[in-house]
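Model the placement of chains B and C on the given structure of chain A, informed by the hints.
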Amino acid sequence: MKKWISPSLLISTFALSAIGHYANWDHTLQFILSAVAVVFVAGFLGRATESVAHYAGQRLGGFLNATFGNAAELIIAFFLVKEGLYDMVKASLTGSIIGNLLLVLGLSLFAGGLKHKIQNFNVTLAGLNGSLMIVAVIALFVPAMFFNTHSITENDTDLLSLIVAGLLIASYLAWLVFSMITHKKFLDDVTADSDEELPNEHAPVWSKKRAILYLVLATVMVGFVSEWLVGTLETLTERFGLSELFVGAFLVAIIGNAAEHSAAILLAMKNKMGAAVEIAVGSSLQIALFVAPVLIFASYFMGDTMDIVFTAIELVAIGVSVFIAKSIIQDGSTNWYEGLLLLAVYLILGVSFYLV
Amino acid sequence: MKKWISPSLLISTFALSAIGHYANWDHTLQFILSAVAVVFVAGFLGRATESVAHYAGQRLGGFLNATFGNAAELIIAFFLVKEGLYDMVKASLTGSIIGNLLLVLGLSLFAGGLKHKIQNFNVTLAGLNGSLMIVAVIALFVPAMFFNTHSITENDTDLLSLIVAGLLIASYLAWLVFSMITHKKFLDDVTADSDEELPNEHAPVWSKKRAILYLVLATVMVGFVSEWLVGTLETLTERFGLSELFVGAFLVAIIGNAAEHSAAILLAMKNKMGAAVEIAVGSSLQIALFVAPVLIFASYFMGDTMDIVFTAIELVAIGVSVFIAKSIIQDGSTNWYEGLLLLAVYLILGVSFYLV
Amino acid sequence: MKKWISPSLLISTFALSAIGHYANWDHTLQFILSAVAVVFVAGFLGRATESVAHYAGQRLGGFLNATFGNAAELIIAFFLVKEGLYDMVKASLTGSIIGNLLLVLGLSLFAGGLKHKIQNFNVTLAGLNGSLMIVAVIALFVPAMFFNTHSITENDTDLLSLIVAGLLIASYLAWLVFSMITHKKFLDDVTADSDEELPNEHAPVWSKKRAILYLVLATVMVGFVSEWLVGTLETLTERFGLSELFVGAFLVAIIGNAAEHSAAILLAMKNKMGAAVEIAVGSSLQIALFVAPVLIFASYFMGDTMDIVFTAIELVAIGVSVFIAKSIIQDGSTNWYEGLLLLAVYLILGVSFYLV
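If you read the protein sequences in the order shown, they are chains A, B and C.
Heads up, the first sequence is in numbering that gives the first Met the number 0, so the first residue is 0 and it goes up one at a time.
Heads up, the second sequence is in numbering that gives the first Met the number 0, so the first residue is 0 and it goes up one at a time.
Heads up, the third sequence is in numbering that gives the first Met the number 0, so the first residue is 0 and it goes up one at a time.
These aren't lab readings, by the way, just hints derived from the structure by calculation.
You may find that some hints are simply not true.
Since the list gives no way to pick out one identical chain from another, each pair is judged satisfied if it fits inside one copy or across any two copies.
[Claimed, not checked] When the alpha-carbon atoms are kept at most 27 Å apart in a straight line, the in silico BS3-like pairs for lysine-lysine are as follows:
id, residue 1, residue 2
1, K183, K114
2, K269, K183
3, K269, K116
4, K208, K183
5, K184, K269
6, K81, K183
7, K269, K207
8, K207, K183
9, K207, K116
Bound-form chain A, shown alone (with noise of 0.2 Å):
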């Protein structure tokens, strides 16, 4: 497992890519060298977060690695926001949020699963992760709901949205507080499952300095490839005639989150569940809690606002996986069945929107 990520292959394939971009090859040729180059870089990212999480905690590590991995969607968004591509942001940000629930939990419940019978993770968090995304939800939903029920002046849809993106990034601070300040020691009982795990485990390779600095050199990195990936796939789209719905919702999604697949599936398969929850439920929650608000900001700042008012389908597709991730982790504990649920549910929203 920790063979392939060698850094020779790393920096070639990352290389590679680069020199494909700049070049400017024929976009399916560079579509797939960034590909490959995605699966090598968030490689690393997810073993250099595995070795900064070593140091500082499971939750901790988590957390970092899911700033670290949105970092990448926050930059490619803000420059959609920028041209004004609202419907593409949205999509994209669908996308993020039902990819990390759906797919990256479910992958990584399904291959812990089939390594470890039964797996387990702190209840309590998961019982605040779980209230968290329905709020998040709540907030995406209700404006939707008054919009279309109710005729409001789109001056009142903007200053809406802009009070419940301020909400919503006040209840992400708050969080921060809560999780990392006043209740730190609560939820913190997955690490200490881990520690005493940590005499059987193998030494960490690197050290503590070495492996922050690892940390965000793989995290530049994975925004480099993951940028060169998406520019080409406008040209894909026509190529193969795809929607823009299903490319923003799916393609962009999946290849922005390969960090966090790789990290939260290598994680989970190591038994260190909580840590992998803590990622793909705590990507969600980040880009609907901060990475859309802060967009809604950006826009307002930039003269246009860009509304919170998400399609139908996006918030029926984004209600469906909390309720259905809520469900599952709830009781603390996963299996591989429970991740083949979640993936039939990814499935069936990738279809549907296919077919649109």
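Relative to the frame of chain A, chains B and C by itself:
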């Protein structure tokens, strides 16, 4: 309790109903005869199921019963599909799902709860069943949502229906692998409990072979009587001015599930709540994850695909039933009041369907 | 904390408000006087409730408080029904339900959580309350769904409303039987906890008889002051340009629930979270399962049946509140952050109602 399922009463009511059917007596009389016969045949089935469950362990017994109980419904629905009565099929599937989740489960909890203050069962199984129910709701809800908010060609709707049906069957087969093979022991602690109770119970009346033979025989008899009874419904519908939606979703479903009713309630009263819940919930899951998809594929092979798009009211009825049932069983502990709540929701839906 | 509910302040603010009302002073002044009086009267009620709860056990005390707290609302709504203002009635019922589930519960969790890291209460009761809330939502949601997707005659709508109202009242009465008689002990372990704490607490100031007398007196005073205050709202609505929906669902509800607010928050801060939750959740359940159905029957006997069909926005507000509240209380453990989440949802709904 056991004396009234006397062989003579069983055979004579069954014979009378058969004569009434084949001699083509008045339909109202036929209806009454077959309704009475159903009570005894279903009682026989419940008895046989219990005996087999005694040998097989509670969960396998519950599963067998759900399978056998739905055999009649599958056959009836198959003939309806053959005649192209797709709306009636969906109404009876809806009625079967909500009948099991609200009426069968409600009566079991209520009757069991009056005898036993609190009844407990495997909380892990309850959680998994809840997640499976949500997946079933999502699989029915998402296509309807896309169908109603986007213009999709009939071909694409059929394709989507077949894909979703395939995913549901795959989920169901994987569930069998999970619950029967990889995690059998993990879900079996209820059986373990019942084994401890065994010394206190009466010895099984029938041998293992005879119990299995009787289970098959009883299921066949239930199938016949149910069909005779259903055959009289059209006339009754006209005579008493009932809507087809109400007849399909309530009368047919109640009669078709009579077997599960009596079996589940008997088990609940004997404090084998795990098996009773397995019958009620397992049966409704089997309808949604197996019977409905099989019917879609059957219609496809007959040349005219039945789509998976249920009406808004049917989806609301199913969704509402799943939410309240999930909320009630998820703590693995029940009482008479929770049974009453399920029955209240069943009545609200019944009155609403009746008045439409 | 106890000193400010001095008898002289209580009596003088109440008297001033009474004089203002009967001497017909300026409405804005009346509003301010009665709003101040409400604070003191509600404080008196909270104190009396606590004393009675001391003798009666936490749960019965919480139930009594919910009953007494809703007396004012029932009287006010009754007069609105008498004048045929059905939309205002439904808006204020909606506001009362969400006000209890989000504002009262949210402030209790937040204030209690700041003083006590984690607060626990009977998880069985929390689960049952959650199921009851879902039944209430279903009972309001199903008729509206049928009404909006099918053509139903007014007579049938009225009939459906009366039947559903009857089922809700029956469910409520059965709940009293269940929680007070058949399963009293089972739900009482929170009281047991508080009994253990008793040695550490201050001795009750009032005798049992006096406590009960003061509870009745305080409730009557709250009823009067609430009514005087509500009487000034129409003028204020016009003066400050607020919509009736917002006033009915937020201002009236906040003021009408002031008693529950202070009582629940006081109990939460004293770490009697079981009683605080019982007040907030019990109060909203009583509105949905008892007050609303009684008003429907009252309107029927007055000759013009008020139907049970709430608007889409009201249903969304109620449904959303129930889901987040259920998600938060179902583990029987709360903290300040969960209170904050409830308040955030309350703000989102409030801003949305305000902007419509």
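Here is how each hint holds up against the structure:
no., hint, result
1, K183 - K114, "between (30 Å within a copy, 17 Å between copies)"
2, K269 - K183, "both (23 Å within a copy, 24 Å between copies)"
3, K269 - K116, "within (13 Å within a copy, 32 Å between copies)"
4, K208 - K183, "within (23 Å within a copy, 47 Å between copies)"
5, K184 - K269, "both (23 Å within a copy, 24 Å between copies)"
6, K81 - K183, "neither (37 Å within a copy, 54 Å between copies)"
7, K269 - K207, "within (20 Å within a copy, 45 Å between copies)"
8, K207 - K183, "within (21 Å within a copy, 44 Å between copies)"
9, K207 - K116, "neither (32 Å within a copy, 32 Å between copies)"
Violated hints, in rising order: 6, 9; the structure is consistent with all others.
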